[in-house]
Every structure is written in C-alpha cells, then in structure tokens.
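Trainee: Sequence:
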Amino acid sequence: MALAHEHHIRLAQKLPSRLLAFFARYPPPALLQSATPSAASDAFSPNAASTSPIEPATATATSTSHQSTTTPPPTHNPFLPWRNPTTSRWRPPIFSARRQAELVKLASAHGLESLLPPTTKGAAERASRREEQGLRVKGTGAGQRVKGKEWERTLKGRLEGRRKAMEGMPGMIEMWKQRGHGRGWKKWPK
Numbered sequence: 001m002a003l004a005h006e007h008h009i010r011l012a013q014k015l016p017s018r019l020l021a022f023f024a025r026y027p028p029p030a031l032l033q034s035a036t037p038s039a040a041s042d043a044f045s046p047n048a049a050s051t052s053p054i055e056p057a058t059a060t061a062t063s064t065s066h067q068s069t070t071t072p073p074p075t076h077n078p079f080l081p082w083r084n085p086t087t088s089r090w091r092p093p094i095f096s097a098r099r100q101a102e103l104v105k106l107a108s109a110h111g112l113e114s115l116l117p118p119t120t121k122g123a124a125e126r127a128s129r130r131e132e133q134g135l136r137v138k139g140t141g142a143g144q145r146v147k148g149k150e151w152e153r154t155l156k157g158r159l160e161g162r163r164k165a166m167e168g169m170p171g172m173i174e175m176w177k178q179r180g181h182g183r184g185w186k187k188w189p190k
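Each residue of the sequence shown is one higher than the last, beginning at 1 in the UniProt record's numbering.
Each hint should be verified, as a subset may be incorrect.
Unchecked claim - Pairs of lysine to any residue residues, derived as SDA-like cross-links and limited to a Cα-Cα distance of at most 20 Å, are as follows:
1) Lys14 x Leu106
2) Lys105 x Ala127
3) Lys105 x Leu20
4) Lys121 x Glu132
5) Lys156 x Gly143
6) Lys147 x Gly134
7) Lys164 x Glu174
Derived by calculation from the structure, the hints in this document are not laboratory data.
Please build the complete structure, drawing on both the sequences and the hints.
Mentor: If you want it as structure tokens, here you go:
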C-alpha cells in the first residue's frame, strides 16, 4: 500500500504545475469518493468521539457555519456556470473555454483526461459532437460540392478550352501563313 502511494507521488511530481494546481483545488471525484467515507468513518468512530471534546453534531454545525454560502459545493464543475442557491444569481465558469482546452490538452498529454470534470473541450465530447453534427462544411455532404472561389469553379472549363486550342493550333498556324499575317509588319503612320 505504501509502495503504491509513493509511486503515485512520484508520478504526480512529474506533472506540470498547472495540472497539479487544478487537481489540488478540484480533486477528481474518484479521489473524493474514496477519501470521504474513510474520513467520515474516522470522525464518527467511537474512539474519535472519546478523544475529541467536540461532539460530532457540534463539529458539523461549526464547519457549516464557517463555510460561506456563496462558495460552490465541492462537487461543482468549474467548467460550467453555477447558480447560487441563496441569491439565485448565475456565476460564469471559473475556467474560460480557452483555459479548459489548455487543461484538457495537458491532461490528455499525460493520460489524465478521464480525471477532469466533464467539459465540452474533452476528446469524447468533441467526437460525439462531430458524429452528431458532421463536418459542418457546406458542400461536403453526399452529392454536394463545395462552392469554392470563381477561378476554382471555372478551372476545368478553361483547361478544356486550352486543350482544344492546342489541338487546333497547327490549322491556325497554316491559316496565318496563307493570309500573310505573319510576314512583314506594316508601320503605323506618325
């Protein structure tokens, strides 16, 4: 058990400071669930009650009175807006969309994306959105064409016209030779 704990500590020390700070402030739900029952069982065990002068009911009352009503609950997703239950006002997400994307990129580079709270910037969410909405570029559907620039739309016709002109070039050269357009230029009057 201690060896696994030391291994996790060494892995955590290799993480970037931004990820460490994020996980320190918003621990993954898996860690909260594993830590909460043991802490609660220790606090309410008969041995803990006999050693502590404060009764468990009093301890919970004092801890809630010190907690501010405007702070979000510990299970709050910092990537989503939050509605204050007492004032009914909305607070924007703690992390902007750009910072969410940066955190997701860092976490996925270190293989920890699954520990982040759900976000629209996650790989799974992006893949499901791409599957649901498609590429969303006009003309990329079945039987459609992308509009493109004018020179792109007319390129095929121009190349075909050039090809036909090149095939008819020997006849055109003969015609010019017969008419005399190619010999001796006439000087323009001054």
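Trainee: Does each hint hold? Answer for all of them.
Mentor: Hint-by-hint comparison with the structure:
1. Lys14 x Leu106: 12 Å, holds
2. Lys105 x Ala127: At roughly 15 Å apart (the allowed maximum being 20 Å), Ala127 and Lys105 satisfy the hint.
3. Lys105 x Leu20: Since the Cα atoms of Lys105 and Leu20 sit roughly 14 Å apart, the hinted pair holds (cutoff 20 Å).
4. Lys121 x Glu132: It holds: about 16 Å lies between the C-alpha atoms, which stays within 20 Å.
5. Lys156 x Gly143: 19 Å, holds
6. Lys147 x Gly134: With a Cα-Cα distance of about 18 Å, the restraint between Lys147 and Gly134 holds, given a limit of 20 Å.
7. Lys164 x Glu174: At roughly 17 Å apart (the allowed maximum being 20 Å), Glu174 and Lys164 satisfy the hint.
Checked against the numbered hints listed earlier, the structure breaks none of them; every hint is satisfied.
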